[in-house]
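Trainee: Since the structure of chain A is already known, use the hints to place chain B on it.
For the protein sequence lines, the chains are A and B, in the order given. With numbering that gives the first Met the number 0 applied, the first sequence covers 0 to 211. With numbering that gives the first Met the number 0 applied, the second sequence covers 0 to 619.
These are computed hints drawn from the structure, not numbers from a lab. Just so you know, these numbers come straight off a predicted model, no measurement behind them. Heads up, a few of these hints could be off.
[As the list claims (entries may be wrong)] Simulated DEER-style distance windows between Cβ atoms:
#1 B:Ile599 to A:Ser80: 20 to 30 Å
#2 B:Leu593 to A:Arg84: 34 to 44 Å
#3 B:Ala464 to A:Gly27: 18 to 28 Å
#4 A:Phe110 to B:Gly189: 52 to 62 Å
[Unchecked claim] Partner residues are not named here, just some residues of chain A that face chain B (Cβ under 7 Å, in silico):
#5 Thr121
#6 Pro122
#7 Leu126
Here a beta-carbon is modelled for each residue, glycine too, at the ideal position from N, C-alpha and C.
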Amino acid sequence: MYFDTTVDAHRTSTGLNNRKLLIWAFLGSDVLFFGTLIATHLLYRGRSLVGHTEDIFSIPVTSASTFILLMSSLAMVLALSGIQRGNLQTMRFWIAITAIFGSIFVGFQMFEFHEFVQEGLTPRTNLFGSTFFTMTGFHGAHVAIGVLWLWSIFFASFRWSAGERNSLNVEIVGLYWHFVDIVWVVIFGVVYLVGAYGAEDRILPPVSWFGG
Amino acid sequence: MVALANIGVLPRPVHPTGVWSWLTTVDHKRIGLLYGATALAFFIIGGIEALIMRAQLAAPGQTIVSAETYSSLFTMHGTTMVFMVVMPAGAAFFNYLVPLQIGARDVAFPRLNAFSYWLFLFGALLMNFSFFVGAFPDIGWFGYAPLTSNEYTTTAATDYWLLGLQVMGIGSLSAGFNFVVTILNLRAPGMTLMRMPLFTWMTLIVAFLIIFAFPPLTIALTFLLFDRFFDMNFFNPAANADPLLWQHLFWIFGHPEVYVLILPAMGIVSDVLPTFSRKPLFGYPMIVFAGIIIGFLGFGVWAHHMFTTGLGGWANAAFAGSTLVIAVPTGVKLFNWLATMWGGSLLFKTPMLFALGFISMFLLGGLSGVMHAVVPVDTQQQDTYFIVAHFHYVLVGGSVFGLTAGVYYWWPKMTGKMLGERLGKWHFWLMLAGFNMTFLPMHILGILGMPRRIYTYDAEAGWSAWNAFISAGSLVLAVSILLLLVNIAISLRRGEKAGDNPWGAATLEWAISSPPHHYNFAVVPTVHSRYPLWDEEANVLEPPPLPPHEEPLMPAPSYWPLVVAFAIVMTFAGLLIWQWHALIGIAFMVVMALTGLRGIYGWVFEPLTVEAPEAVQAHS
Chain A
0 MYFDTTVDAH
10 RTSTGLNNRK
20 LLIWAFLGSD
30 VLFFGTLIAT
40 HLLYRGRSLV
50 GHTEDIFSIP
60 VTSASTFILL
70 MSSLAMVLAL
80 SGIQRGNLQT
90 MRFWIAITAI
100 FGSIFVGFQM
110 FEFHEFVQEG
120 LTPRTNLFGS
130 TFFTMTGFHG
140 AHVAIGVLWL
150 WSIFFASFRW
160 SAGERNSLNV
170 EIVGLYWHFV
180 DIVWVVIFGV
190 VYLVGAYGAE
200 DRILPPVSWF
210 GG
Chain B
0 MVALANIGVL
10 PRPVHPTGVW
20 SWLTTVDHKR
30 IGLLYGATAL
40 AFFIIGGIEA
50 LIMRAQLAAP
60 GQTIVSAETY
70 SSLFTMHGTT
80 MVFMVVMPAG
90 AAFFNYLVPL
100 QIGARDVAFP
110 RLNAFSYWLF
120 LFGALLMNFS
130 FFVGAFPDIG
140 WFGYAPLTSN
150 EYTTTAATDY
160 WLLGLQVMGI
170 GSLSAGFNFV
180 VTILNLRAPG
190 MTLMRMPLFT
200 WMTLIVAFLI
210 IFAFPPLTIA
220 LTFLLFDRFF
230 DMNFFNPAAN
240 ADPLLWQHLF
250 WIFGHPEVYV
260 LILPAMGIVS
270 DVLPTFSRKP
280 LFGYPMIVFA
290 GIIIGFLGFG
300 VWAHHMFTTG
310 LGGWANAAFA
320 GSTLVIAVPT
330 GVKLFNWLAT
340 MWGGSLLFKT
350 PMLFALGFIS
360 MFLLGGLSGV
370 MHAVVPVDTQ
380 QQDTYFIVAH
390 FHYVLVGGSV
400 FGLTAGVYYW
410 WPKMTGKMLG
420 ERLGKWHFWL
430 MLAGFNMTFL
440 PMHILGILGM
450 PRRIYTYDAE
460 AGWSAWNAFI
470 SAGSLVLAVS
480 ILLLLVNIAI
490 SLRRGEKAGD
500 NPWGAATLEW
510 AISSPPHHYN
520 FAVVPTVHSR
530 YPLWDEEANV
540 LEPPPLPPHE
550 EPLMPAPSYW
560 PLVVAFAIVM
570 TFAGLLIWQW
580 HALIGIAFMV
590 VMALTGLRGI
600 YGWVFEPLTV
610 EAPEAVQAHS
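One chain only, chain A, in its complex shape:
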């Protein structure tokens, strides 16, 4: 059938399924979304006039939530491996684990936001607050959408037979999930670790290099 989602690979097609190519194109675009947010945050590093900045981070707590998110990616891999071997039970188990770990991560983030606000850092406080909450909030929204997507697959899968098309559904949410994970690795490294421990001008060149 012409509009079948399984495209025959011939020379005039990439050989990738349409929906898989779509998610790749979307993720390519999403890199630019996060890139703009992270670049703005770095541009404004050290420019806040008042209030808390990186000193407010609790690296042990964020390390724990980062670990949970990384483990959710492992669960995602096992879920895909489950359905690819035709085992819907295994897939559902690991999908649920992935979604629960994702929810825990979002919970950590809500706790972190709450703590920061308690200590007097809001998005209105200073430049750091504006860029930090917007960037991590945008990432948190990605995780939350991912969790919703995972549970949708979990419940929809009770009507599935373990076919090619359904394993693609899991693979696509997996691509999205791993991408969101990788973005967090970048944010955790560049924003949290470098922010908390990095000596100002040795890690990043001074803004004056760029004429600013």
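Mentor: Coordinates of chain B only, in the frame set by chain A:
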């Protein structure tokens, strides 16, 4: 599967004709026509805005409009022409032609395609709705922050501009994804990348430009939205924010956007020239690679919009260099187009005339563009009418002439009727004369020092004569557009019938009937060369139409794209209600967001195709 289908509460739409058939259509040809009609309507609106400005400037010291109204006019003229005319006009051609040119029956994601159109339309309407609440946006099409933050711009018009642009941007992004997948994956057997018609090639490049250029704009708009609605600090100089951040983010989007506007025209001209020169395009791979190089370099020249902001010598030198370099692939294309005509048997039909108009006028716009790569020259010309002259030569002389060539060239394919040749030639010559009368003297005014965006000027400045001449020229330009509308009306009522291939063209879209069947190709063709219709008989490519019961199964109409697009635009509009009354605004946004979420589930669980007509009846 039936149970899953029932998750969609709305029954499948079944109307073959009438308003509902258009609201629920997922046919790429119909969506293309919707884009085209909308672009034409906004073209008239944006044109009227320009004419009011020219009336105001026709003589010194006039008070036809106030300074405030004038600011609104140039803002909405620019925003309308870029986002609601040239982009959707390009999208009209992408939608209608790309599947036909690659031998496909539709785009890869037909419902996503409808969704893109509705987001574009609703975003445009939301922005223009500000007119009815008392204030038009008056911040320039570039909306420079911090001038657009709360402190300096208090009217709600800026919020409408912001939200409308955001919604249109989401529509453009989803269209970009769709066309990348369509062109890479849905090509007919034998249609290798290097056999694709040039218009399809340029569409592919534009789709990539959109998916990489719109994110910075979307984020910049989000920052501004947070600043304006929630008092954040992204563009707040008092909090030590960088006053140039917006300009950087905007022009990282804005310069690739220029190529989003011009590449479709280049693609159209590259398809029109071979047809009317009766010989293949000279240097096909050169034009393809020049387009790709323009796409890459387009991301590395943005700061030439900011030479006067004091970036420093090194930054200016680097961006001056990259700006000079990007002129090279453009020059390569021009020489290839000239060489295509060399030795051909030239046929000066209307589409060909507009293609030639494109080449000559775009050349002039390109040359003044190269001048701006020279930093000291640019510093002199910044914010003068010289800049206005330059970008109108690129966007009108380039994009609009190219797109008009496309209108005359493909109109017979879309409607099955010819546009009048005689009226078309009048249209061309009047437009060429009116265009040059309007914009050529602006170079002189710019050098004389007339600044942009002033609502009036003093008689002693010595600009009066040229301004009067320009205003007269703009009327000639307006009359020429009127001739196009007359031509369209006559053609629709009693136009000469067009055959399948009235121009003797070579690409796949001309192999099928005019207008095409809803399934485009009865049998998916196999392609053996770049010019299939010149290299083999048309009837080999397209056998006679199929009897109804043998027609291929096509994607069924759907309500969901419309529902989801409406929910998204209303969720954004909820912020405006929130400003007025927080609780009602939040309630409204929650309801609309849930409607959108509901719509997404309906969409996902609704099968793309409906097996048989009986199945449709069963659900309704």
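Trainee: Each of the hints needs a verdict: does it hold here or not?
Mentor: Hints and how they fare:
1. B:Ile599 to A:Ser80: 20 to 30 Å: holds (28 Å)
2. B:Leu593 to A:Arg84: 34 to 44 Å: holds (37 Å)
3. B:Ala464 to A:Gly27: 18 to 28 Å: With a Cβ separation near 53 Å, Ala464 (chain B) and Gly27 (chain A) fall outside 18 to 28 Å, so the hint is violated.
4. A:Phe110 to B:Gly189: 52 to 62 Å: At 58 Å between Cβs, range holds.
5. Thr121: violated (9 Å)
6. Pro122: holds (5 Å)
7. Leu126: holds (5 Å)
Of the hints listed earlier, those the structure fails to meet are numbers 3 and 5, in rising order.
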